[in-house]
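Participant: Assemble chains B, C, D and E onto chain A, guided by the hints.
These protein sequence lines are chains A, B, C, D and E, in that order.
In my numbering, each residue carries its 1-based index in the first sequence increased by 432.
In my numbering, each residue carries its 1-based index in the second sequence increased by 432.
In my numbering, each residue carries its 1-based index in the third sequence increased by 432.
In my numbering, each residue carries its 1-based index in the fourth sequence increased by 432.
In my numbering, each residue carries its 1-based index in the fifth sequence increased by 432.
A few of these clues could be false.
No copy is singled out in the list; a pair is fine if it fits within one copy or between any two copies.
In silico lysine to any residue, SDA-like type, Cα no more than 20 Å apart, as pairs [said to hold, decoys possible]:
id, residue 1, residue 2
1, LYS600, LEU469
2, LYS549, ILE710
3, LYS657, SER639
4, LYS632, ASN543
5, LYS657, GLU737
6, LYS657, ALA720
7, LYS657, LEU667
8, LYS657, ASP646
9, LYS657, GLU508
10, LYS657, ASP645
No wet-lab data here; the hints were simulated from the structure.
A quick note: this is a predicted structure, and the numbers were derived from the prediction, not measured.
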Amino acid sequence: MAEQAASATEKDDPERQKGQLFGIDRVTEPGTLPGMLEAPEDAVTSRVHVTTYGPEHISEHTVSTVDEIVALRGKEAVLWVDISGLADIELLRGLGKAFSLHRLALEDVVNVHQRPKAEDYGEYVFIVTRTLVPDTFAETEQVSMFLGPGYLLTFHERPGDCFAAVKKRLHDAAGRIRSSGSDYLSYALIDSIIDGYFPKLEHYGESLEELEDDVVANPDPEHIKELHELKRDFLMIRRAIWPLRETINTLIRDDHSHFTDATRIYLRDCYDHTIQLIDIVETYREIANGLLDVYISSISAKLNEVMKVLTIIATIFIPLGFVASLYGMNFDGDVSPWNMPELRWAYGYPAVLSFMAVVGGGMLFCFWRMGWIGRGPARKRERRRHEE
Amino acid sequence: MAEQAASATEKDDPERQKGQLFGIDRVTEPGTLPGMLEAPEDAVTSRVHVTTYGPEHISEHTVSTVDEIVALRGKEAVLWVDISGLADIELLRGLGKAFSLHRLALEDVVNVHQRPKAEDYGEYVFIVTRTLVPDTFAETEQVSMFLGPGYLLTFHERPGDCFAAVKKRLHDAAGRIRSSGSDYLSYALIDSIIDGYFPKLEHYGESLEELEDDVVANPDPEHIKELHELKRDFLMIRRAIWPLRETINTLIRDDHSHFTDATRIYLRDCYDHTIQLIDIVETYREIANGLLDVYISSISAKLNEVMKVLTIIATIFIPLGFVASLYGMNFDGDVSPWNMPELRWAYGYPAVLSFMAVVGGGMLFCFWRMGWIGRGPARKRERRRHEE
Amino acid sequence: MAEQAASATEKDDPERQKGQLFGIDRVTEPGTLPGMLEAPEDAVTSRVHVTTYGPEHISEHTVSTVDEIVALRGKEAVLWVDISGLADIELLRGLGKAFSLHRLALEDVVNVHQRPKAEDYGEYVFIVTRTLVPDTFAETEQVSMFLGPGYLLTFHERPGDCFAAVKKRLHDAAGRIRSSGSDYLSYALIDSIIDGYFPKLEHYGESLEELEDDVVANPDPEHIKELHELKRDFLMIRRAIWPLRETINTLIRDDHSHFTDATRIYLRDCYDHTIQLIDIVETYREIANGLLDVYISSISAKLNEVMKVLTIIATIFIPLGFVASLYGMNFDGDVSPWNMPELRWAYGYPAVLSFMAVVGGGMLFCFWRMGWIGRGPARKRERRRHEE
Amino acid sequence: MAEQAASATEKDDPERQKGQLFGIDRVTEPGTLPGMLEAPEDAVTSRVHVTTYGPEHISEHTVSTVDEIVALRGKEAVLWVDISGLADIELLRGLGKAFSLHRLALEDVVNVHQRPKAEDYGEYVFIVTRTLVPDTFAETEQVSMFLGPGYLLTFHERPGDCFAAVKKRLHDAAGRIRSSGSDYLSYALIDSIIDGYFPKLEHYGESLEELEDDVVANPDPEHIKELHELKRDFLMIRRAIWPLRETINTLIRDDHSHFTDATRIYLRDCYDHTIQLIDIVETYREIANGLLDVYISSISAKLNEVMKVLTIIATIFIPLGFVASLYGMNFDGDVSPWNMPELRWAYGYPAVLSFMAVVGGGMLFCFWRMGWIGRGPARKRERRRHEE
Amino acid sequence: MAEQAASATEKDDPERQKGQLFGIDRVTEPGTLPGMLEAPEDAVTSRVHVTTYGPEHISEHTVSTVDEIVALRGKEAVLWVDISGLADIELLRGLGKAFSLHRLALEDVVNVHQRPKAEDYGEYVFIVTRTLVPDTFAETEQVSMFLGPGYLLTFHERPGDCFAAVKKRLHDAAGRIRSSGSDYLSYALIDSIIDGYFPKLEHYGESLEELEDDVVANPDPEHIKELHELKRDFLMIRRAIWPLRETINTLIRDDHSHFTDATRIYLRDCYDHTIQLIDIVETYREIANGLLDVYISSISAKLNEVMKVLTIIATIFIPLGFVASLYGMNFDGDVSPWNMPELRWAYGYPAVLSFMAVVGGGMLFCFWRMGWIGRGPARKRERRRHEE
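If we strip away everything but chain A, and leave its shape as in the complex, we get (with noise of 0.2 Å):
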């Protein structure tokens, strides 16, 4: 219970949730209607909550129908109905008909893998993003919107704080937010969810820095594991931002003009901004990938100073113990002087030991010259060089 509790405020150790990985567990069946309408499986309970607001004023609705809604519409200069939770596939199919809405448009915001895209229908342009699930590892959620003359829809899975932020400024009546168009609200809304990616990012940054020593000082087999799915994560993050780019340049292109001249400029802003997070990615990917290079190269390398003490100790020992036990040997000295006449030699056993000293050093010295005990001749010589 208090641990629940606890993961639920820690936002460094989300829990890595299987089968969300991939994202293709909820399709539909083969070969059936297309733009056809079903609730994902996990939906929430649709919230609806509308927005309408000019330069002067501003108000917020709270609405159950459908009906409602359209009776806001053209009240103001913009109208914002932003739906948090899809369960409710009448509500949506609803507003398909109140704003004419093509049903594969409508099909996509259900079927919430959909990648970031922007498809222009003429009245409207659909747009569909990802947005980082806080409190999880990179996991993503769709956010649907649909940009039309004076209004903007938007839907996302879950309630959350995602466009706290927005709403703050509509309210706040910061900036030009409120006596712009509902293209400048979509920008708005686009921007946020761009920069939600940048703490994440600088989260997983700090984690690869500290793997990266860690790799370095002490290779561990636990490096690996979370160095691939460091790797998956940023798969996962890469695939959301690539298209999202895509996005962004299609609405700054857009032949349709949904998109005024001067939230243009705004957009180009946000499309830098994509190109950097992408450059991010890709640069930790590559320094992930260095890392598994330098972890095998440090493996080997301990298993290298490993062998060569176990090599050390046995090349010097094994021969010194066989000449040990060769004096161990039983054979009877009283048959015949041939039998280990060294055995009754009066400085036998001192002999044996100087051998076996002299045997012991000469191997050590050998080492040293290879270079395996200390830091050999090739290594001084070298250091001498750089010395001059």
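Facilitator: Just chains B, C, D and E now, with coordinates in the frame of chain A:
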């Protein structure tokens, strides 16, 4: 017997077929006449299924000759001739003549290893796609279509239910399918083929995820094989999907307006799906490649562990064993006081035991300092730093 | 003697020739005159084979001078001069003059290491392709063509039957070949060259599949070599096919209409085949690269197995051996009761044996727990989880 | 104290700073107002340096208010306002108003992690470049410029001498700089920024070459770390240079003619330099990647050497040791003649020694034949072949 | 002394020079005046060689001042000024004035690390190419040309015979060189430069092939080094050739018609050669990369072999040695019948020997079954399958 039956019904354990993989095993002899029609080697008896429909009526016909098909042409808004099995070359030739199809296109119908493509012959457009064969790993089968004004001819290699859902929709008059022309029917079939890839990929996604867990936890040579086969399957699927994307793009940009503008919006949806498929396959391929690195890293790390154990044991006991052997030598102490006087010391044995204990303990301490046993001092320090 | 004869007839075991591989061994000196004609080093005596044909008649001529060829020009719809062997430079020069061919093009004919290309000289188009040399691994030979109005000149390095199938079709008047112009003949030859790659690739596909099985089952250093050679062969084939695709594309987009629209449809078919070839070669290359990874992984896994066996045996018996050596020491128990009193205990020997059994058994248990022997507890648990 | 002073003057040993690397640590909160100006976290006090010049006169001014700057505008052909340090936001805002700069551009000035880019705002062009920070590894700092008719505003993060050479040229009236407009000044600054990368890269080239020698001669785990850091630095430099190339290309193709044709020729020269930079960085990256392979190969080869030594020693002495132990057994020969009769043979000991010598010698011969000792017969033969 | 002479004449063993490799070591200071002329560091004394020729006459002149050159201009159809050695900056400046060359182009002449490029200055075209320096590995030297109406100025760093063949053709009046303009001369020189790469690449091809055989037969650490150097050389050559291709393409598409249409056909031939060069270099690079994999695989396989030998010997003799040690213990059998009664058995020794033989034989059998000795049962079975 029972086993065979089982394998036929089990979708999860198809037999991986040899030779199928590379898709070039039934090529005609070099230099032969282009456009020459020859049934593929293991062709199945052709079965013709004719459907004519308009907004009001729909009727299915069992026909045996081309003349009967020609007679049905024009009776309703759309004539759909669906042929499964390619053994009946005469039928194909007859259709070619009746609908004035180009012989190269007809050759491609029976040459069942084509890449997906769309070729515009002015009067009609020739479309080749590939659908996954059920109960196999990643085998695909060719589906060819001739789309002309008021008619659609489809050819597939084996009888199967890949178009069952579309047929049902036709009979149910669901959606706009009955009121649209043959271009919409063509779209519906392509869409159904594309959608068929999703469940397969989902299945692969699960295999990949399971394998991921296994490789990190317990790398096993079996995993390499499995991974290699997964990668090969992804290659195969990718080979089928990549050109499909280009094919649909060609259809959307179609100059001769075989497709109405209304249908093109639906094709754009298809196009999005192929991009999504490509995206998923490429992601899987990257993850699979990453897994191989993880496997190699894990194996290296395990080898390192094994070697450490060996080295620790050997470097401790080999020197101790040498000392024990030393005092197992039989030098004759009676001959001279220089010969192994230690053996005759009162506390010789305890002294040797103590010496051994010191040597062994010293080595253990060294290994601990080098971080081979326990966490080592380096790690401890690091840990402390983290906690601060 | 007998062996040589055998290897000459066996298609499956060609000798891998050195120096041929890199295809730059017969380049003219730098700075020499461009367009200078020199027979290639190992050129074969030229043989001229002239065919003239129209829809009605076809006749073959044996000619020895260029004048005879010129005399035949225009007699029938198409004049086909097929020259095998490039030793007769005078002949080439004469043809060059008679058909006003550019000297650079002529130079390319004898400079037999050209990449496939199509160069439009206005009056005629110069086409270079490469065909596989039979009974070799992946060696290719240059086939050059001059396609002009009413004539086609073809040059190949060695006499061979690569055009036999097309000649037969000419004589059989099969298909539209006799009623079409020289452009269709040119297409037919290119098509036949391209089709020649398929059986070779099929053969390679089989080798790859066999190698795949072997590498997974029993990685052997021999496999690396084989794999490396396969990869090199794929590189060679790819070098011949890639530019071929571009060449055919150039011909399709041909501005001077050397090709009629009807023939271009056939060229489009050729183009599809080259794309299919490239697709297959690239797939093979990817699989071959994957196999190398599999090889390295398998070898690593095997090394791990070997090391585990060594470690288990050594870590069990080295300590036990130490204990045995310990009680083989000759400390004199008569001197003091401290010297190896165990040797004089009544149950000393059984006690030592029991101690050894306990130590050995304990180690075995450890190894089992670490998963080195049998399946280990971790695996067992996992298995149970799976079965649930 | 003394050490700090030293590190400040030593260009070769900058401290590698953490956190700087990933360049996203000072991003504004998601959803905040676009175009909102906030000084970067560690901004330095702004210092304004104004230069006005024409072909005849040049004068420098110390100004403290925007009004003074405005007053200077138009007095001479060119007004150059150079601002170092970005702490004074009011100044920035004032300039923005005075020169009617877009707020998004101003925001980019203080958001100092922009990628190089050029944005055309009609009246003026906004250029972002990055210059290397002296005494760091591969850190870059943002330099922003507003180029308008008759004026150039430049902003850099820290006071420094990166424009010193250009200022000197202005005062010396060297070349055409004084007689050209603000566009030429802008070019001169960009050129100076680009040229600044060359010495750095030269320095890296030398490091790479030294590392190359070291890795081949004496692979050391330290090298991996060094290599990884080099690769990261190359990544950072590449991130700064790649977009720079595109930026300059944009300026060359500039539609609003902020740049005269004469200056564009100079920009083309700049463009060549960026391509050369990219070329060098990519070459370095390839060499660095190759070095990692060399490192891994060297380590593997060394491990092989170590293992050979161990194996040779162990396989020779372990069997011999076994024989010695055998005759160290204490079977009681008095009990039966079957118990170790060899011990009582007259030549038992010499026989055992001879046997051991034969076994040891045989093994050495085997190792020589396998090429483990000396050059082995295989190598010798090969050598002979080479010499022939 | 004698050695130096030898190395100077031996083309096959050039000294690999340091510092040359990265080609950026003589860059001017950042911020300096563009177009400032400074002789490169190790510039050789300039030598001017002037040739004037037309279809009828050709004459060579030794000149010392720019005025003499100007005086010769226009006397014949073509004026060719060939300058080797770049030390005489005054000469360069004089030529620049006489032919009104842009100072940026002049700067590029002395800045000898340019990438190949072609820059059109309207009146003339400035071409930079790189030629291989004879007797080096893959060093290249810059050759710059100014091609204007009726004149060609060429600059190369060191006196050499790279244009000797072209000069001979001029004197021999071979081909169309004398009757063509300066553009054809320019083409002839570029062609000669490009052809110069082929013998070098051929040489590298042979090295690669030899190395290939060696690596497969006997992997040696020396090979890695060699391979790394080969790869570096390929990188260098590629850096010189890639932009050359683009350069020639620019010349072919040349807008100001510095090249006549007749010469452009020859340039197209040049273009084909550069593509062929690129193709060869890329193939070599791929093969070299493959070789590294082969090397690593071979080393791994060898290590595996070594470890198997060690493991077999150790696992057989360590347990046997333990048994021998066991019966070397000195437990006093007189104290109790429990102490080592085996030693007093009549057949104790033969029994132990038999036991050892059984254990050793059993282990050998195990190793054979695991395929470590001989071919193992698995292989045998496989072989049988193959033979069937």
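Participant: State for each hint whether it applies.
Facilitator: We went through each hint and held it up to the structure:
Only between protomers do LYS600 and LEU469 lie at most 20 Å apart by alpha-carbon distance; the minimum there is 18 Å, versus 33 Å within a single protomer. When the C-alpha separation of LYS549 and ILE710 is checked against a cutoff of 20 Å, the pair qualifies both within a copy, at 16 Å, and between copies, at 15 Å. For a Cα distance limit of 20 Å, the shortest separation of LYS657 from SER639 qualifies both inside one copy, at 13 Å, and across copies, at 18 Å. When the C-alpha separation of LYS632 and ASN543 is checked against a cutoff of 20 Å, the pair qualifies only between copies, where the shortest distance is 18 Å, while the shortest distance within a copy is 25 Å.
In the homo-oligomer, the alpha carbons of LYS657 and GLU737 lie at most 20 Å apart only across protomers (17 Å), although the nearest pairing inside one protomer, at 24 Å, exceeds that limit. For the homomeric pair LYS657 and ALA720, the shortest alpha-carbon distances inside one copy (12 Å) and between copies (14 Å) are both at most 20 Å. In this assembly of identical chains, the alpha carbons of LYS657 and LEU667 lie at most 20 Å apart only when taken from the same copy (15 Å versus 24 Å across copies). For the identical chains of this complex, LYS657 and ASP646 are neighbours both inside a copy (13 Å) and across copies (12 Å), given an alpha-carbon limit of 20 Å.
For the identical chains of this complex, LYS657 and GLU508 are neighbours neither inside a copy (54 Å) nor across copies (62 Å), given an alpha-carbon limit of 20 Å. For the homomeric pair LYS657 and ASP645, the shortest alpha-carbon distances inside one copy (16 Å) and between copies (10 Å) are both at most 20 Å.
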